[in-house]
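Q: Chains as they are written, first to last, in our numbering: chain A, 109 to 413; chain B, 19 to 685; chain C, 825 to 1079.
Careful, some of the hints might be misleading.
Stated by the list, open to error - Calculated from the model, a selection of chain C residues having no Cβ within reach of chain B, i.e. all distances over 12 Å:
hint, residue
1, L855
2, L1015
3, L1070
Unchecked claim - As a list, the in silico DSSO-like pairs of lysine-lysine whose alpha-carbon atoms are at most 27 Å apart:
hint, chain 1, residue 1, chain 2, residue 2
4, C, K1066, A, K233
5, A, K371, C, K842
6, A, K233, A, K121
7, C, K1072, B, K290
8, A, K224, A, K294
9, A, K371, C, K874
10, B, K539, B, K277
11, B, K290, A, K233
12, C, K874, A, K224
Stated by the list, open to error - Chain A stretches covered by chain C per the calculated footprint, using a threshold of three residues with CB under 8 Å from any CB of chain C:
hint, stretch
13, 201-215
14, 297-311
15, 335-344
16, 385-394
Just so you know, these hints were derived from the structure itself, not from any lab.
No residue lacks a Cβ here, since even glycine has one placed at the ideal position from N, Cα and C.
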Amino acid sequence: MKTLLVAEFREGKLRVEYSQLIAFAQELGAESAMFLVGSPDELPRFDGTLYLADVNSYGEYNPAVHKQLLLDVIAKEQPETIVFHHSSYGWDLAPRIAIALKAAQISEVVAIEDGKPVVPVCNAKLRRTITSRTPQTVLTLQAGAFGMDEEPSGTPSVVQIDTDTTGTVLCSGYEAAKTEGVDLSKTEVIVSAGRGLGKPENIAMVHALAKVLRGEYGASRPVVDAGWVEHNRQIGTTGNTVTPRLYIACGISGAIQHLAGMKKSDFIVAINTDKDAPIGEVADVFVVADVKQFLPVLTEKLQNL
Amino acid sequence: MEFTREIYWNVGQGFTTLGPMYFLVLVTLSVFVYGFIRRWRVYRLGQPLNRTDHRGARLKSMLSHVLLQTKVLRVQGPGTMHALFFWSFFILFLGTILIVLQADFTDLFFDVVFLKGNFYKFFSLTLDLAGLVALCMVAGLMIRRYLLRPPGLITGRDDLIMHLLLLTILITGFLIEGARMAVTELGTPLAIWSPVGLVVAKALSGLGEEALRTLHVLIWWLHLVLALVFIALIPFTKLRHIFTTSANSFFADRGPTGKLTSINLEDETTEKFGANELDDLRWKDIFDADACTLCKRCQDRCPAYATGKPLSPMQLVTQIGATAFSNPGANLIDVTSRDVLWACTTCRACEDICPASIEHVDKIIAMRRNLVLMEGEFPGEEVMTAMEQTEVNGNPLGMGYASRGDWAESLGVKTLAEDSAVDILYFVGCYASFDKRNIAVARSFIALCQAAGLRVGILGKEEKCCGEPMRKMGNEYLYQTLAMDMIETIKGYGVSQIVTTCPHCFNTLNKDYRDFDFDIKVEHHTVFLDRLIKDGTLRINRDVFSCTYHDSCYLGRHNEIYEAPRNLIQTAGGRLTEMEKNRDQGFCCSAGGGRIMAEENIGERINVKRVQMAGATGAPQLLANCPFCLTMFEDGVKGAEIEESLRPRDIAEVLAERLVVQDTPGS
Amino acid sequence: MNILICIKQVPDMESKFKVNAQGNWYDRADLAWRMNEYDEYAVEQAVRLKEQVGEADLTVLCVGPDQVKETMKKALAMGCDRGVHIADNDSCMREPFAIATMIADFARDKQFDIIFTGMQSQDRGSAQVGVMIAELLNISAVTTIVEFAYDNGTISVKRELEGGSKALVTVTAPVVLTCQLGLNTPRYPTLPNIMKAKKKEMLTIAAATDEQGRQETAAFYFPQRKGGGLVLEGDPPELADKLIQLLKEKTGALA
């Protein structure tokens, strides 16, 4: 089997997630080539053919141009599978390729079972295994679903590619992520403080854990009421409703408004001494511990990873 | 010697007196009538509303409120002073009428004199003392207003005019009496029947008859003019409350308490819903502003005001009045402001205490209806989300509707769809269906019913929110959609009685749903359980404990159910320490009026304040009867950092722990 | 301006899902239905555009069984002018390409200037339909927009990228725009508009019969719960190790 891996280059940098594409190809046991509109100065570590278009000529993302460059490579390589990240680049470009190739597209693959891609349905509540009926198949991979145990290595053999297509969609630049203010509704990791922390000074433990996990901290209503945490970080239906990938509830028993405001999180860790606390109903992992003792240990171990 | 006195003594009863006097009276009455006609025109800008039905009952309650000052007397201190002043001034007024009646009518035309003999002695003494009481009360009220200055009391031009007028009328009255007595009664046995007048007479007696007679005639005219100015100013100053507040007692809402008016959504010609302009309000809403005396009792009890939110029910009513009379084209919502309108918890503390029968909550709901139904506006996105969740899943929490009955699965409780032969339908409500804390209350209630041998059914996934929080937030459309749905479902099963563990559901099913041809008996669980215990169906072990009890607004003020829950607490062995604000003075938990769905982002948190009051009793348990209160208190004890010392619980939980374990008959 | 808004009716994600008898999709019983969240942003943006330019005709389109009309009514109450219902009882089984084909076939001769739709559906979540419609119509497409501005024929949008940065993109009509959370806050329909919506035109057209699909569902099932509702007990250091291991296995948070 032959795969073509579509790597990404954005804001002047090669996106290092390309290693996940390689990991996927390895899991599939497929021979692979890579496609990149990027810079010759920053090449992915990869043993195989890299079809490279110079980003300075074709732009970081220009749908029509990238589509044509990619279709040219596909015509040459004839891969059975074309693999994208399920990302702003991948989900934008992949359907264009699928239409052009009259190929099935399978989005947000999280696993391979019996050689068939598995995708989540309904916010990952359900899963679906899919059989493609077309000779070629376009896939997009969920971020983080496939990973390598070690850093990728190797040196690609670069094949320069060109096109004279122009596009109608013009990307004129980027706007940097806002640093001031906090938007918990879009935060990927949230560590949330509850009354189980005991006293306001212990909020620092939650700050520390959030920092190691490169996330934000939030709080339950009583903690906000008590003035330990500012108001805009309250989580619950009467505060922020959040859907992070990881939610760690620290010493929160779980009043209904709180639960309704965070239970759509992908993965919920509850840390509480009371095994019967309502938070347990939504938690994927329930750590029975005193949050005041547990958090410093956890944070330290994560720092040392 | 017959005791009496010469009326018009020294002034004379000839045309030179009566002519100018009655001319002035006529002018005064014209000004008075003109003033009220102008106001009447403004009242009529409002929408029609029938408040002249049940005239006998209305008259009776008006007389009680006015003559007995029943509502005024609910607040001691200023209320007592007002009542005493009212009664004494009323006596002086009646006395003056009697004098005019005799002098200018019965005596003049028929030679009938009734102010004589012992009756005159009694008359003289009564009026003299009434004058003294009135004078003391005016002085007392002035000291309160101008020296003690209670916080929140608004003092304006009208107050100064009123107090000075009353003061000078009373003082000139005594001066006239004193001058007359100094000349005619000093040393006679009659003098002692006007003790205050006698003191004044003695003080004045040194002036000599000539000076006294001049003084008397001057002050007599001054007194007359002041009295007429007083009457003429009634429509133009807060003095109007003499008539408007009294009339408002007649026009008062006759209940059911706290039931809102349903909008007719079938009428397709309606293009505007709710109120954002004066003429969207009902005439009574405008009249209310004229009936308000700025006594600030509503403001003193408002939980929103007490926690630093911009709402003062009194100021809201004043603003509507100011708009009506000086800027009737203004946008009412801009005038009153959104934060004010959204802050109300509809706890009805304001309406309950108002001596002027003002309906604050209806005005707020009318404006909220305009914001929601015409603008799609809510206090925050979280409320809009809750509304949408309710549309989709029938509960504001957004929990999947199909799992609504899951809590009861292991309890042997059937849904009506499975078996509709039940003694009662338990209308569970959203919180007791989905919230683990409140599910514990629902389970306790089921245990109690089962112990009493009752067959209980629930609607399970067919149950939806009763619509109360949405309705109170102004979303009449969603409320009626839910209400119609619930009514059709419940009626389809032919149940004879419904019990709720939520006073909001109870109030809504029992009052609001009645507009839609719904007549099934509805009870709150405290009343229902109290009856079961009284008739011996349910047996509870007495096991002593200490607690305090929170009267929820919707069980208490909305339904005046104060005793049933206290009976239950006593039966269970509770030693109840009341909070300072209890029964009809109860302080809201913060969740009423749909605020359960909203972020409380202005001022202090109401629930924290309430649990602090509960904590101050020293009792280790705070008993509640409402899932909203319980939810707020569970958060509140943590927010107040007293969760170790105060445990919020529902009464049903306390009872369920004390169930008498017995064999069921026949087993 | 002629605008098309493509919406989908999806189950509320809080519903109790069950696998259907065929084992290839969720069972439709006991579900609460609503407008796909991302499509609500699409409807809202279209209505705002109409409010801005004045002259615009908004057609809302939905593929599905008769019950989707309920969801379409919400779009009409929010401000769309007319509804087109492509009647298809099997729509939930169709792959994105089939749905995109139906929509493109409808739109082909209608000269829509802008087609708004959600960046993905909440149930299937493929994020394919919008782009495929554009490709089938051979017009431009910009996905995942979080800001939109229209000025005299020029459409300027911001695309949401990973990590919070945004790409500034300009494009001209005709174009398909797929909308992402953050683009706007959809309005709550006012009561007069809910009433007006009941009288708006709602055209139902039959779905073209299906061709052979490009993919099929091999299995449909509940995944193991990520932590399996796992309860960890023990000493803090031991617990921390276990938790870190789980986070590595089950989440991308430590990546």
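Q: Tell me if the straight-line CA distance from K539 of chain B to K277 of chain B falls inside 27 Å.
A: OK: K539 of chain B and K277 of chain B at ~17 Å, within 27 Å.
Q: Tell me if the straight-line CA distance from K1072 of chain C to K290 of chain B falls inside 27 Å.
A: Violated, at about 57 Å.
Q: Under 8 Å between beta-carbons, do enough residues of the stretch 335-344 of chain A, three at least, approach chain C for the coverage claim to hold?
A: violated (count 0)
Q: Is the hinted pair K1066 of chain C and K233 of chain A satisfied, with a Cα-Cα distance of at most 27 Å?
A: Holds: K1066 of chain C and K233 of chain A sit about 24 Å apart, inside 27 Å.
Q: Take the C-alpha atoms of K874 of chain C and K224 of chain A, compute the straight-line distance between them, and say whether it is at most 27 Å.
A: violated, 45 Å
Q: Given the hinted pair K233 of chain A and K121 of chain A, is their alpha-carbon gap at most 27 Å?
A: Violated, at roughly 35 Å.
Q: Taking a Cβ-to-Cβ distance below 8 Å as contact, does the stretch 385-394 of chain A have at least three residues touching chain C?
A: Result for this restraint: holds, n = 5.
Q: Taking 27 Å as the top limit, are the C-alpha atoms of K371 of chain A and K842 of chain C close enough?
A: Status holds; Cα separation ~19 Å.
Q: According to a criterion of three or more residues whose C-beta lies within less than 8 Å of a C-beta of chain C, is the stretch 201-215 of chain A covered?
A: The restraint on the stretch 201-215 of chain A holds, since 12 of its residues have a Cβ under 8 Å from chain C and three suffice.
Q: Check whether the Cα positions of K224 of chain A and K294 of chain A lie no farther apart than 27 Å.
A: violated, 31 Å
Q: Is the Cβ of L1015 of chain C more than 12 Å away from each Cβ in chain B?
A: About 4 Å separates L1015 of chain C from the closest Cβ of chain B, which leaves it inside 12 Å; violated.
Q: Is the Cβ of L1070 of chain C more than 12 Å away from each Cβ in chain B?
A: holds, 24 Å
The earlier numbered hints that this structure contradicts are 1, 2, 6, 7, 8, 9, 11, 12, 14 and 15.
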